[in-house]
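A.B. asks: Sequence:
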Amino acid sequence: MSSFKIKISLVDDESLVNQLLSKFLGAIDRFKVISISNDGSEFIDYLKDTKTIPDIVLLDLKMKRVNGIETMEFIRNNFPDIKIISLTSHYKDSNLGYMVKTGVAAFLPKEISPDRLVQVIDEVHKKGFYLSSEQIDILRNQLSHNLQAPNITIEEQLSERELVVLKLLCKQLTTGEIAEQMFISKRTVEGHRKNLYLKTGVKNLVGLIIYAAKFKLIDLDECEISPQTNP
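In this text, residue positions in the sequence shown follow our numbering: the first is 2, and each later residue adds one.
Since the hints were made in silico from the structure, they are not lab data. Only a predicted model underlies this, so the values are computations on that prediction, with no experimental measurement involved. Just so you know, even glycine gets a beta-carbon here, dropped at the ideal spot from N, CA and C. Check before you lean on any hint, since a few could be wrong.
[Stated by the list, open to error] Between beta-carbon pairs, the in silico distance windows are:
(1) I185 <-> D94: 35 to 43 Å
(2) K52 <-> G202: 26 to 34 Å
(3) R188 <-> K65: 12 to 20 Å
Let the sequences and hints guide you as you build the complete structure.
C.D. replies: Here it is, written out as structure tokens:
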């Protein structure tokens, strides 16, 4: 039995939600719930004081004191390696594009089934993001109309290697798989990934894929997005 566990933090102002999620996820051998916070302020205090940083945080949007959006901003600025899954009762398709731009790895309604939630957590940990096929169609429309064109062409901004990495990321290859296919180190792949984020101005892989589709560097239909029809 592997000793590795995905470290999860729960942030929700509904105590019952926290308790049920903690009990459910804690019973899964590969997961470990390391913290429970009743709002963003408590979670920020936890991150400031702890040496045990979560891999993934399940974060509600509307909370008293410090809400989910403010908490996400703190996480992105101070702990960018934490993957954020927004799990909210205020889910709206119209908010999907904005949530992706803020850097969430997944945006889900609280009505999601327990089995699907487990699947999303696994996928976010492995690939960095989760989108259902329905969500990718929504993003195609939302983000393509809001992104501003760069002063120079995207092809001029990106190196040949970065373009290759971009296309492989779109196919959801892992860092190790990309390194093996390109005969480069994992560290070099991560360097290319960071440069892609910097040059395109996006905050995560989903935003990068949508941005590249906007400028016709990739075809969204070729991306191996999750086949589910509902979030």
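A.B. asks: Any of the earlier hints contradicted here, and which numbers?
C.D. replies: Per hint list: single violation, 3.
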